[in-house]
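Chemist: Spelled out, the chains give:
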Amino acid sequence: MLCMKRFSIPNKSSSIGSFIPSFTFSVVSSKLTMPKGKQRKVEEEESTRKGTPKIDLISSLPDSLLCHILSFLPTRCAMATSVLARRWRHLWKDLLALDLDNSKHSPYYLPGGTHRFIAFVNAVFAQRKALRVEKLRLACDIPRGEKKTIKTWIRTVVGPHLQEMYLDLSFACNEFGDRHIKLPEEVLTSASLESLVLKGHVFLTVYDGFVDLPSLKNLELDLNYVDPDFVLLGCPVLENLKLTLHESFPLNASQPPEIYMPVSLKRLTLIQDDDIEEDINDIEDLVIDTPLLEYLSITLWARCLQVSISDYPNMVEAHIDIDQDQEQVGWVLELLKALRQTKLLDLKLSTMECLLGAPAFELPEFPRLLNLELQIPYFDSGFLIKLLHNCHILQVLTLHNQENVSTVEPEEPSCWTLPMKDPDCVISHLKMFEFKGYKDSADEHGFVAYLLERGPILKTMKIHADPTLGLTYKQRIHQELSMVPRSSKTCRLIVT
Amino acid sequence: MSEAAMAVMKPEMKSYIWLKTVDGSIQQVEQDVAMFCPMIFQEILKTGMGSSKTYAISLPQRVNPSILGLILDYCRFHQVPGHSNKERKTFDEKFIRMDTKKLCELTSAADSLQLKPLVDLTSRALARIIEGKTPEEIRETFHLPDDLTEEEKLEPLRNVTDDPRIRLLNRLYARKRKELKEKKKLKNVDIEEEPKDERSVDDLLSFINDIKEMSANKNKKKNRRRKGHAKDLSLENVNENKRELDSVPFACHNRNVDNALKASPSKHSQTQDLPPMSFSPKLEFINGDLDDELDPAMKEELDREVEDFARRLNSDWPERMQILSLGQDRRLVPISMNSNVSTRIFTGMG
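Note that the protein sequences, when read in sequence, are chains A and B.
Going by my numbering, the residue at position 217 of the first sequence is 217; the numbering climbs one at a time, nothing skipped.
Going by my numbering, the residue at position 275 of the second sequence is 275; the numbering climbs one at a time, nothing skipped.
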């Protein structure tokens with residue numbers, strides 16, 4: 001029997017992933033292998049050298065475990081294992097998970113048109129033995145005329161055992177006409193579905209009734225047209241939500257957009273796409289009444305007319321990038337207060353701008369905060385010292401001075417004054433300090449020097465000078481700061 | 001039972017559980033750690049064993065002492081509730097670094113102890129090892145026997161871009177040829193292959209009908225379905241399918257092929273008019289059955305026959321290959337007849 005050797009023809013990759021299309025060449029190169037006799041000799045030598053007989057490592061595992069291992073592989077890869085050995089020939093056919101990814105960045109992308117991918121997936125469905133599918137991941141472009149095929153695949157997969165579905169379908173750029181694929185409604189009323197990810201040009205409709213997903217824990221929607229409320233109302237036990245709002249939100253222009261977050265949420269990511277030219281509608285009502293929330297990431301700039309915020313006692317990590325007019329900024333202040341139990345707080349420039357401009361801006365206390373990152377529109381040491389007084393156990397502080405990009409100006413320029421009392425965190429907790437966009441103003445220098453002098457726990461201080469400052473200037477900064485007497489002997493000062 | 005109950009009821013005192021591996025050696029393990037394994041936990045609850053050396057819990061045979069040590073390390077870390085997700089992840093990444101042999105043993109042992117998180121962790125690691133390797137490399141890593149014949153190895157390639165109806169057609173076609181060839185053999189004449197490539201579609205269909213009759217005796221149940229299939233295939237569709245397959249290449253390097261592919265999207269869409277038999281839930285089972293209509297052994301035998309036949313056919317018939325591949329220049333320069341030929345014939349026919 002001829003042993004197949006490595007391909008001699010240049011190949012994209014001779015790994016098992018691209019194994020199928022380039023298989024022909026392995027046959028071709030069989031002529032180039034060593035003659036049989038020699039090959040066997042080499043093998044014998046090797047095994048005698050090692051001294052131990054070659055034992056099949058993985059055969060001790062039962063078929064079900066092998067299948068479990070295959071379920072973590074992309075389906076093309078799993079299918080290719082059928083040529084490994086007799087035992088593996090039909091193993092992949094019992095797989096309950098299908099990972100069919102033909103997106104351009106995938107290593108398993110089949111070039112030359114999606115038709116090959118369609119044929120491949122048809123073959124998978126035709127050949128597999130298992131009657132049900134528990135997990136489906138499908139990412140591809142839909143070529144003209146193949147909408148029905150893809151919907152058929154989805155319909156085949158939906159059933160009482162489907163637990164996870166990931167769909168990332170888009171139409172090729174030159175596709176005209178109806179650019180949406182309607183999701184079969186069985187998906188939106190599946191009692192077993194635990195995770196649902198929909199991206200691209202999928203269109204959600206339910207013909208009669210509503211969305212009913214009693215087991216759904218994880219939901220990710222990144223669709224061009226979405227009415228989030230429509231979906232969220234049907235997810236009573238949802239724990240993770242990632243919602244991306246594009247320009248076509250809301251779906252129905254006559255209905256005011258409302259978003260009610262399910263009460264069970266633990267992780268929420270709400271992103272409003274920045275890439276829009278036209279005016280976006282206001283959000284009529286935003287309700288984030290989620291006392292179990294642990295992770296929050298918001299990027300929002302549409303006007304929110306009514307917002308309900310509850311307290312978040314379990315908050316661990318929060319990233320806030322909100323831009324609101326002065327009339328609406330009140331709820332942002334409320335949000336900050338609700339986040340006071342967090343361990344990590346990351347406030348982006350827009351948030352800081354509208355907070356600093358707010359008339360009644362009161363800094364809440366952050367009793368558990370360990371890590372704080374701020375993008376500030378201008379440097380104000382007074383404000384920062386006040387903030388440090390409110391973060392009693394802060395360990396890591398990162399500042400990003402974005403004066404260059406920000407349009408917000410301080411009412412009066414700040415100047416450095418030694419604080420009456422040292423903040424607790426500086427004396428007993430602050431380990432790391434990082435300053436980006438350091439412009440070496442007197443105020444900035446004063447603040448940095450203060451931290452060096454008064455921070456006995458400080459381990460690392462990184463100063464990234466503003467790119468406009470030249471190399472010699474940076475060296476001078478380093479020199480000046482190195483001369484400041486440090487209360488922490490182990491503190492490292494890095495200036496870049 | 002009372003001893004075990006006592007062991008459970010004293011949380012302040014560190015209680016120990018006794019575990020016995022298949023080689024007879026007995027270990028003493030902290031109760032919290034051992035109970036992290038569902039299998040041990042259930043054993044304690046159900047039978048009350050494990051509270052003393054004489055009543056040690058017998059672990060499944062797949063757990064040997066060194067692997068047990070690893071598993072207990074894993075349990076010891078993860079049963080502590082205070083660790084953050086990040087810490088657990090870091091531990092797992094470090095924990096999983098071991099040679100492949102140990103990884104397989106660990107997977108097996110974790111499975112027998114029903115320790116699902118560890119099973120998932122090790123399975124993913126093994127999957128990562130498999131992914132990105134050539135078949136030879138995988139066989140080398142796991143010491144798998146290379147016990148498939150050449151033809152069997154080519155099967156997935158053949159099937160990937162195959163429409164199941166065409167595969168069926170091929171199989172019937174090949175079987176028919178084999179029978180005819182055998183008949184000729186018996187007559188003790190030089191094997192003169194029929195000029196089948198010029199045959200019209202009508203001929204093809206008549207073949208199918210012939211075969212149907214012939215195999216009617218063999219297996220009536222299967223035949224009924226096949227009949228249904230054959231009837232579904234109209235003339236037009238057979239042509240379409242043939243062309244579809246010819247234009248779908250296996251190789252990804254030849255530009256001609258890619259052009260041909262782009263040129264024929266309409267043909268692909270036409271095949272959708274055919275009843276989508278593989279996808280309606282009711283028929284899915286049937287179609288799956290069709291594919292593996294014979295039990296695996298017979299199927300392999302059939303495949304082998306077909307391939308053997310094809311090879312023999314083509315070894316006397318090199319020119320025919322050019323015609324069969326329908327002029328599409330996607331085969332490489334002449335190579336060893338045997339292996340190449342079997343690939344080519346299957347692309348030619350579908």
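Hint data in this document are derived by calculation from the structure and do not stem from the laboratory.
Errors might be hidden in some of the hints.
What the hints assert, rightly or not - Coverage of chain A stretches by chain B, computed from C-beta distances (three or more under 8 Å per stretch; other residues unrestricted):
no.	region
1	72-82
2	408-414
Said to hold, decoys possible - To give a feel for the contact side, a few chain A residues facing chain B, derived at Cβ under 8 Å:
no.	residue
3	Ile58
4	Ala85
5	Arg86
6	Ile150
7	Leu469
All values derive from a computational prediction rather than experimental measurement.
Using N, Cα and C, we set each Cβ at its ideal position, and we do this for glycine too.
Chemist: Evaluate each hint against the coordinates.
Modeler: For each hint, the structure was consulted:
1. Requiring three or more residues with a Cβ within less than 8 Å of a Cβ of chain B, the coverage given for the region 72-82 of chain A holds, as 8 such residues are present.
2. Counting residues of the region 408-414 of chain A whose beta carbon lies closer than 8 Å to any beta carbon of chain B gives 0, which falls short of the minimum of three for the stated coverage.
3. Contact between Ile58 of chain A and chain B, as hinted, is supported at the beta carbon level, the nearest pair being about 4 Å apart and thus within 8 Å.
4. Because the beta carbon of Ala85 of chain A sits about 4 Å from the nearest beta carbon in chain B, less than 8 Å, this interface hint is met.
5. Interface hint at Arg86 of chain A: satisfied, since its Cβ lies 5 Å from the closest Cβ of chain B, which is below the 8 Å cut-off.
6. For Ile150 of chain A, the shortest C-beta to C-beta distance to chain B is roughly 11 Å, which exceeds 8 Å, and the interface hint is violated.
7. Interface hint at Leu469 of chain A: violated, since its Cβ lies 36 Å from the closest Cβ of chain B, which is beyond the 8 Å cut-off.
Checked against the numbered hints above, the structure violates hints 2, 6, 7; every other hint is satisfied.
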